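With chain W fixed as given, assemble chains C, D and G onto it according to the hints.
There are 4 protein chains.
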Amino acid sequence: MASNAFGTLFRITTWGESHGKAIGVVIDGCPAGLPLCEEDINQALARRAPDKNAYTSSRSESDLAEIYSGLFEGKTTGAPISIIIPNRDADSSKYEPIKHILRPGHANFTYLAKYGEFDYRGGGRASARETACRVAASVVAKKILSHFSIKICAYLSSVSHTVAQLTNQTIDELIKLTYASPIYCPDSMAAHDMMQCITEAKNTDDSIGGCVTFIVEGLPAGLGDPVYEKLEANLAKAMLSLPATKGFEIGEGFLSTQMLGSKHNDLFIRNDDQIKTQSNHAGGTLGGISTGMPLKGRVAFKPASSIQQTQTSVDLDGNQTTLTLPQGSRHDPCVAIRAVPVVEAMCALVLVDAILLNRSAKL
Amino acid sequence: MASNAFGTLFRITTWGESHGKAIGVVIDGCPAGLPLCEEDINQALARRAPDKNAYTSSRSESDLAEIYSGLFEGKTTGAPISIIIPNRDADSSKYEPIKHILRPGHANFTYLAKYGEFDYRGGGRASARETACRVAASVVAKKILSHFSIKICAYLSSVSHTVAQLTNQTIDELIKLTYASPIYCPDSMAAHDMMQCITEAKNTDDSIGGCVTFIVEGLPAGLGDPVYEKLEANLAKAMLSLPATKGFEIGEGFLSTQMLGSKHNDLFIRNDDQIKTQSNHAGGTLGGISTGMPLKGRVAFKPASSIQQTQTSVDLDGNQTTLTLPQGSRHDPCVAIRAVPVVEAMCALVLVDAILLNRSAKL
Amino acid sequence: MASNAFGTLFRITTWGESHGKAIGVVIDGCPAGLPLCEEDINQALARRAPDKNAYTSSRSESDLAEIYSGLFEGKTTGAPISIIIPNRDADSSKYEPIKHILRPGHANFTYLAKYGEFDYRGGGRASARETACRVAASVVAKKILSHFSIKICAYLSSVSHTVAQLTNQTIDELIKLTYASPIYCPDSMAAHDMMQCITEAKNTDDSIGGCVTFIVEGLPAGLGDPVYEKLEANLAKAMLSLPATKGFEIGEGFLSTQMLGSKHNDLFIRNDDQIKTQSNHAGGTLGGISTGMPLKGRVAFKPASSIQQTQTSVDLDGNQTTLTLPQGSRHDPCVAIRAVPVVEAMCALVLVDAILLNRSAKL
Amino acid sequence: MASNAFGTLFRITTWGESHGKAIGVVIDGCPAGLPLCEEDINQALARRAPDKNAYTSSRSESDLAEIYSGLFEGKTTGAPISIIIPNRDADSSKYEPIKHILRPGHANFTYLAKYGEFDYRGGGRASARETACRVAASVVAKKILSHFSIKICAYLSSVSHTVAQLTNQTIDELIKLTYASPIYCPDSMAAHDMMQCITEAKNTDDSIGGCVTFIVEGLPAGLGDPVYEKLEANLAKAMLSLPATKGFEIGEGFLSTQMLGSKHNDLFIRNDDQIKTQSNHAGGTLGGISTGMPLKGRVAFKPASSIQQTQTSVDLDGNQTTLTLPQGSRHDPCVAIRAVPVVEAMCALVLVDAILLNRSAKL
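Chains as they are written, first to last, in numbering that gives the first Met the number 0: chain W, 0 to 362; chain C, 0 to 362; chain D, 0 to 362; chain G, 0 to 362.
One chain only, chain W, in its complex shape (with noise of 0.2 Å):
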């Protein structure tokens, strides 16, 4: 099964293991006569591997990405992009040590009983490593979106029970004070929350979950497509295919669920020359498609699973046994913040296949 491509007309392959020689993703149906430089992936790689701090894990990736393909004089030729991304920190001895053992929330015991064979160094295809292969391909996306005057945001929404409280921000106040924010949370007074939260789980050798949201505005409407083509449909997949997510709401979300019809309905009004709602609980979709109304959706982020913790485990010959893991190994206390820039990355190449699919639509 050909399990590691993603979108339709705009379609991304990624390949590489977290401890091989690189990770790379392929771009194939990048609409030509787009600038695009390595710079350009080179910023977003370093926003999603920020500088060392206390609430991300200590590997210093400074990622730096080549572009082997697709550009022509600085531009995209409607050929496919080729970006690789070398793994300079890969240090795979720390895992010998546990290589035997099934380790509690990951995926090493599910892709030995699928293949039978597991890359159990710094796990493989399973490490959340992959997502810097759609950060890379979602900067081109984005200068797509750009072109279309069209901003997405993604922000650090909760931490345990501590939830961001937004005022009336612009999207682009929003993007300032979320890059601003050492965990990526636009609201200052709950990140500080966030962040004793996050020191805390890390100095009991735990880890704790959290949300990130997102929003995108100047999507036009008509975007999407019905039935098993929804809009959110497609963003849901979008982001239940990064590691660690157990859930995804589009507008009110789960919350819809304890609305009443005539609180929830967005009621349709006259705004200059444009047909608006009053209200977005539905979060920018109706039907599947569209609406023009901003964007808006929640991804769920599980605690890491990765603790420094001892736990309780089984060996691959089925002896009961225990885990612990080596001294000194990466992991992220609170992986929600890590995963900001990647769910934006997902929404953009989701909304980018929904530009040019939609092509399609009229005569």
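Among the clues, some could well be false.
[Said to hold, decoys possible] What follows is a list of derived Cβ distance ranges for each label pair:
no.	chain 1	residue 1	chain 2	residue 2	range
1	D	Thr203	G	Leu254	16 to 24 Å
2	G	Gly317	W	Ala45	42 to 50 Å
3	W	Ser92	C	Gln273	31 to 39 Å
[To be verified] Calculated cross-link-like contacts (lysine-lysine; reagent style DSS-like; alpha-carbon spacing at most 25 Å):
no.	chain 1	residue 1	chain 2	residue 2
4	G	Lys20	W	Lys74
5	C	Lys142	G	Lys361
6	W	Lys98	W	Lys20
7	C	Lys74	D	Lys20
8	G	Lys262	D	Lys361
9	W	Lys98	C	Lys361
10	G	Lys98	W	Lys74
11	G	Lys201	D	Lys262
12	D	Lys275	C	Lys98
13	C	Lys20	D	Lys98
14	G	Lys93	C	Lys361
15	G	Lys74	W	Lys93
16	G	Lys142	G	Lys74
17	D	Lys262	W	Lys142
18	C	Lys201	W	Lys262
19	C	Lys20	D	Lys142
20	C	Lys262	C	Lys98
21	C	Lys74	C	Lys142
22	C	Lys142	D	Lys93
23	G	Lys275	G	Lys150
24	C	Lys142	W	Lys98
25	W	Lys142	G	Lys150
26	W	Lys361	C	Lys98
27	G	Lys361	C	Lys74
28	W	Lys262	C	Lys98
29	D	Lys262	D	Lys275
30	C	Lys262	W	Lys98
31	D	Lys74	C	Lys93
32	W	Lys74	W	Lys98
33	G	Lys142	C	Lys361
34	G	Lys98	D	Lys262
35	D	Lys361	W	Lys74
36	W	Lys275	C	Lys201
37	G	Lys74	W	Lys74
38	G	Lys93	G	Lys175
39	D	Lys98	G	Lys98
The set of hints was computed from the structure by calculation and includes no laboratory data.
Remember, predicted model here, so these are calculated numbers, not experimental data.
Note that CB positions come from ideal geometry on N, CA and C, so glycine has one too.
Chains C, D and G in isolation, oriented as in the chain W frame:
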């Protein structure tokens, strides 16, 4: 964009408008040799359109499906299975007076934005009637699952703030209790409160949301694929492709964002000759691939958009107006009830595809 | 494997056995706003099943298609178009006596090897009757092509050793001459000899092969895609997916293998404001993408496998036996005749998809 | 449009321009557990780029592939296999003087029409160099075929009017003879004449066409699918996706159009415990599905478009001009020679996909 198909190897394509001659589904890729008859399908359709009761709409759609192709001497042949369900009870005239008005929470605005055309009669393609085709197709899928001793149960797990509480029922008991309930809720105490809540919404010309939970037992470890084709990613897409859905969770879902890793991680244990996990917070997958533990998730349904209250809106010429649905319009006060068999259907479709795709995992 | 669908954005799925209730096709991805009615389709179907004459089989299939979905007020809506063609003239009883015998040149052996099941009545899914669905779908495709002033003509270009000679007819003249011929051959002199040849085959209980040529005019430059989705690659697949086809050529085809590069290369010239080529040995594409010159290719059809002569064969139990088709069996002495409208249909389906896909080539 | 991928379950995506840093291929969907190393691939690449001889171009591309992912301890893991082949011998400066001129028989005109951009250096993506990636990927495919004892031989079967004559060689003998020939023609007598013909073309600054035949032995009956995914349809697409191809035949191909049904039909016989056919005019498939008899087909390659003769043409501004390739340009006098391993590669890719897809035919 071909947006009316779902699945890769076991692929369905649905067609038909709510108020056209018929609706139908073509199943392409069903393995040969499976016993099948029309009665199998009609039983499932009857469950989707339960007897008139106070909690569902009063459309009397005693659907009778016909199988037009793909069977020979009572068994599937590998050829496409075409199932057609005539529309018996379609009265479009009621929609005439409101055809020029945008309906809050409905898709007529977005379909017009996309296509410049909209078949307003009964909602056309945006109608939940399309889901009857999914249920019909799922009958075939469920027969394949049965062959592998895989069982699915979906049930109404909450309405507004009332949440069903399960004790330690087996899946067979759960299925039995669910089928016996007029609102497909296996907890009769909760069901009582839910029915009150639904009645109240109905009596005030309103609607109310709810959640549907699905559980699958008997799945082998190894189904689903890494990265973009994770089992939960395909389930999420499947569920968000249903009308009125606003959210999807697997395992603990959004609750996991408030948990510590040490609590969320499911520890591996040896159980007889099998490797299992002590708990099942993950909901039956790790790294996108089934663990062999029960698959468990939840889907959020918003309150129905069609309510009898007068709502302000805009007509197709952009004039502010009000919308009052014609007296005697049929709509469900709580669409989550009728969604129960459809959630079960989507589960079955995803799983059968995963089973067939998994056959190419190893040499 | 879902093998009954063709196309990417304009995608058809066909279903139905030769001797079932009906056959049908679902078109998914037709742009909205295209005028369409049943009469359009029935005219095309009539052409595929010409009046009884000495050169085609005597099945009186005056097919009447019904459109079940996808239209509103006489125009397409973007929703799937379901077309159903009832099987009126299906008498399966004749096949009873030979159902246990492998038929030389037929698919019952291979279907049984693959599926373990075979619907022997009329050849089931392997019957050329399936091509009626392709013709029905192509009516919609040809309307879109018309909108862009693109015209297709397919015609019978050879039977056995007799080859049609064309003078410098315009495509309109060619279409007219082809339609006027009982065997769809625009060269009446050659047609005379072909008819003699066919009569001879028929009189000796035999069959004879032939070629169908297709020409498309009005195609813009730029259709088709590089590498794996070359326009001629998709045409080749389309044609080889037809029953009884054994070969495909574009431009000079196999003859080009005997040419020098200096003769085969088409030189570019400036013609008014357009760039054209002096000759068109390439047949209208370079590098898989249309040049704007006429698209021209040829398809080889083997002699029909169903012949009235007694043939040695093997039965399903592996015993050597003989096969004699029942008296009065209907079969074409030259399947290439009836293939003419179907080749045209496949051309149209490939081109419409290419037009829609091309909309994403540039920013 | 994502047009750089081929295959469904065993899916390759290629990238890279002739004169970029590298070219590469990602194989997505290779089953786990297959032994593989770089040396396997480099041997196959060496065969594609034979030693400098008088009959092929003098580019010294001693290609060395690197495997970047998908292997663990010498075996495939089910993860995508990324193979990268650096471009060592790329001198783009020669193309500078002619970059503004349309090249007869080349794709620069059509790429510009489609994309508005063209990487003229070495033909960019339109270069036959892309086929090295197909050969690299086919090494993996052929290992899977080997596992099932399936053998493929492609060979140069004609150049201009000279046709290779085969006696009753086994496939192993045929492979040996083909590999031993400097032009991959197993009939040494014919090869002698072919070489004369090629030398003559070369000496007159010209090029000549040729045919490549492929034969596959050991295929089980039942591979391939009905209707649109016929085995020969996928082979036809595979072959016509190669540069310079103008035609495809299966079995008797175009010759079958001159045959009577009574001669063309292959009669079934019982042979030991197997059902076979006496003759094999069909070329190994019936109804699109393999019969178990040898699969046999033929591909037409036009004379190379790049010739040293001065040709009239048009420049990008639309002015009439002439084109003379720079002295020392490298081009093949007969591209069919170098196409031999590539035809074999495409065969292997189609067959592996068919094997994996066939696993879902039965329950």
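Against the structure, the hints come out as follows:
1. D:Thr203 / G:Leu254: 16 to 24 Å: holds, 20 Å
2. G:Gly317 / W:Ala45: 42 to 50 Å: Holds, at about 46 Å.
3. W:Ser92 / C:Gln273: 31 to 39 Å: Holds: the Cβ-Cβ distance is about 32 Å, inside 31 to 39 Å.
4. G:Lys20 / W:Lys74: holds, 16 Å
5. C:Lys142 / G:Lys361: Distance of about 14 Å is within 25 Å: holds.
6. W:Lys98 / W:Lys20: Holds: lysine 98 of chain W and lysine 20 of chain W sit about 20 Å apart, inside 25 Å.
7. C:Lys74 / D:Lys20: Distance ~16 Å between lysine 74 of chain C and lysine 20 of chain D Cα, so the pair holds.
8. G:Lys262 / D:Lys361: violated, 52 Å
9. W:Lys98 / C:Lys361: holds, 22 Å
10. G:Lys98 / W:Lys74: holds, 17 Å
11. G:Lys201 / D:Lys262: Within the cut-off at roughly 14 Å; holds.
12. D:Lys275 / C:Lys98: violated, 51 Å
13. C:Lys20 / D:Lys98: violated, 37 Å
14. G:Lys93 / C:Lys361: With a Cα-Cα distance of about 48 Å, the restraint between lysine 93 of chain G and lysine 361 of chain C is violated, given a limit of 25 Å.
15. G:Lys74 / W:Lys93: holds, 22 Å
16. G:Lys142 / G:Lys74: At roughly 12 Å apart (the allowed maximum being 25 Å), lysine 74 of chain G and lysine 142 of chain G satisfy the hint.
17. D:Lys262 / W:Lys142: violated, 46 Å
18. C:Lys201 / W:Lys262: holds, 14 Å
19. C:Lys20 / D:Lys142: holds, 24 Å
20. C:Lys262 / C:Lys98: violated, 54 Å
21. C:Lys74 / C:Lys142: Within the cut-off at roughly 12 Å; holds.
22. C:Lys142 / D:Lys93: violated, 34 Å
23. G:Lys275 / G:Lys150: Roughly 19 Å between the alpha carbons, so the hint for lysine 275 of chain G and lysine 150 of chain G holds.
24. C:Lys142 / W:Lys98: Roughly 40 Å separates the two Cα atoms, so the pair is violated.
25. W:Lys142 / G:Lys150: violated, 48 Å
26. W:Lys361 / C:Lys98: holds, 22 Å
27. G:Lys361 / C:Lys74: Given pair lysine 361 of chain G, lysine 74 of chain C holds - Cα atoms ~12 Å apart, limit 25 Å.
28. W:Lys262 / C:Lys98: The given pair, whose Cα atoms are some 23 Å apart, holds under the 25 Å limit.
29. D:Lys262 / D:Lys275: Between lysine 262 of chain D and lysine 275 of chain D the Cα gap is close to 17 Å, so the pair holds against 25 Å.
30. C:Lys262 / W:Lys98: holds, 23 Å
31. D:Lys74 / C:Lys93: OK: lysine 74 of chain D and lysine 93 of chain C at ~22 Å, within 25 Å.
32. W:Lys74 / W:Lys98: Between lysine 74 of chain W and lysine 98 of chain W the Cα gap is close to 45 Å, so the pair fails against 25 Å, i.e. violated.
33. G:Lys142 / C:Lys361: holds, 14 Å
34. G:Lys98 / D:Lys262: OK: lysine 98 of chain G and lysine 262 of chain D at ~23 Å, within 25 Å.
35. D:Lys361 / W:Lys74: holds, 12 Å
36. W:Lys275 / C:Lys201: violated, 28 Å
37. G:Lys74 / W:Lys74: violated, 38 Å
38. G:Lys93 / G:Lys175: Given pair lysine 93 of chain G, lysine 175 of chain G is violated - Cα atoms ~39 Å apart, limit 25 Å.
39. D:Lys98 / G:Lys98: Roughly 64 Å separates the two Cα atoms, so the pair is violated.
Checked against the numbered hints given earlier, the structure breaks hints 8, 12, 13, 14, 17, 20, 22, 24, 25, 32, 36, 37, 38 and 39 and satisfies all the rest.
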